[in-house]
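Engineer: In UniProt numbering, the protein residues as written are 1 to 170.
Hint data in this document are derived by calculation from the structure and do not stem from the laboratory.
Treat the hints with care, as some may be off.
Distance windows between CB atoms, simulated [unchecked claim]: (1) Pro-77 x Gly-143: 36 to 42 Å; (2) Trp-170 x Val-146: 27 to 33 Å; (3) Val-103 x Glu-169: 20 to 26 Å; (4) Gln-42 x Arg-102: 18 to 24 Å; (5) Glu-106 x Ala-68: 36 to 42 Å; (6) Gly-28 x Ala-68: 22 to 28 Å; (7) Gly-75 x Arg-15: 21 to 27 Å; (8) Gln-30 x Gly-80: 40 to 46 Å; (9) Pro-144 x Glu-106: 29 to 35 Å; (10) Val-37 x Gly-80: 40 to 46 Å; (11) Thr-79 x Leu-41: 47 to 53 Å; (12) Gln-11 x Ser-35: 39 to 45 Å.
Note that CB positions come from ideal geometry on N, CA and C, so glycine has one too.
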Amino acid sequence: AQFDPQFTSGQLSEREMWNQTWNVNVSGTQVLTSSLVPLLLQSSDPRILFLTSGLSSLTRTSNLDVPANRSPAKGWPKTGFSATAYRSSKTGLNMLVREWHRVLKEDGVKVWAIAPGFLATGLGVGDPEVLKTMGAGDTQVAGPFVRSVVEGEWDGEVGRVVSRDGVQEW
Numbered sequence: 001a002q003f004d005p006q007f008t009s010g011q012l013s014e015r016e017m018w019n020q021t022w023n024v025n026v027s028g029t030q031v032l033t034s035s036l037v038p039l040l041l042q043s044s045d046p047r048i049l050f051l052t053s054g055l056s057s058l059t060r061t062s063n064l065d066v067p068a069n070r071s072p073a074k075g076w077p078k079t080g081f082s083a084t085a086y087r088s089s090k091t092g093l094n095m096l097v098r099e100w101h102r103v104l105k106e107d108g109v110k111v112w113a114i115a116p117g118f119l120a121t122g123l124g125v126g127d128p129e130v131l132k133t134m135g136a137g138d139t140q141v142a143g144p145f146v147r148s149v150v151e152g153e154w155d156g157e158v159g160r161v162v163s164r165d166g167v168q169e170w
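Starting from the given sequences, assemble the full structure and let the hints guide the process.
Structural biologist: This is how it looks when you write it as structure tokens:
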């Protein structure tokens with residue numbers, strides 16, 4: 001979940017934005033996963049898929065072809081697109097993937113983070129039609145990709161972030 005726009009618009013304080021973002025994307029994910037592990041371990045082919053983002057990659061932050069990686073103009077306050085809380089929380093989620101992979105490896109649990117890509121969902125940042133003008137893809141591509149992970153097509157990349165384009169760098 002991305003709450004950065006609610007801060008920019010004045011609907012949330014900066015602290016509320018950060019707390020809500022981390023609560024949904026990291027803390028809540030951790031607590032839910034911990035609660036479900038006993039049930040998961042009863043499966044004959046247990047899998048955990050966490051939903052991350054291409055914006056979570058530390059390595060990719062130097063790619064200035066991605067608008068979110070470009071520095072804003074000089075001065076304060078900064079204006080324009082910001083997803084700092086969202087990006088940071090998804091990077092934190094990636095560490096949860098590494099930890100759950102480590103913790104449940106000997107139990108035979110396969111763990112991934114999946115990055116479906118920039119899609120016109122309307123979640124967090126507004127109108128799907130506006131997102132499409134910014135290059136967002138159709139949401140219908142996400143389902144088949146998630147299914148491919150569930151059905152084993154990505155079993156060679158357990159413990160990593162996978163996207164439709166391959167393995168995402170940390």
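Engineer: Hint by hint, say whether it matches the structure.
Structural biologist: Status of each hint after checking the structure:
1. Pro-77 x Gly-143: 36 to 42 Å: holds (39 Å)
2. Trp-170 x Val-146: 27 to 33 Å: violated (21 Å)
3. Val-103 x Glu-169: 20 to 26 Å: holds (23 Å)
4. Gln-42 x Arg-102: 18 to 24 Å: This hint holds: roughly 21 Å between Cβ atoms.
5. Glu-106 x Ala-68: 36 to 42 Å: holds (38 Å)
6. Gly-28 x Ala-68: 22 to 28 Å: Hint holds: Cβ distance 24 Å, inside 22 to 28 Å.
7. Gly-75 x Arg-15: 21 to 27 Å: holds (23 Å)
8. Gln-30 x Gly-80: 40 to 46 Å: With a Cβ separation near 32 Å, Gln-30 and Gly-80 fall outside 40 to 46 Å, so the hint is violated.
9. Pro-144 x Glu-106: 29 to 35 Å: Holds, since Pro-144 and Glu-106 (Cβ atoms, about 31 Å apart) stay within the stated range.
10. Val-37 x Gly-80: 40 to 46 Å: holds (41 Å)
11. Thr-79 x Leu-41: 47 to 53 Å: With a Cβ separation near 49 Å, Thr-79 and Leu-41 satisfy 47 to 53 Å, so the hint holds.
12. Gln-11 x Ser-35: 39 to 45 Å: violated (30 Å)
Against the hints set out earlier in the document, violations occur for numbers 2, 8, 12.
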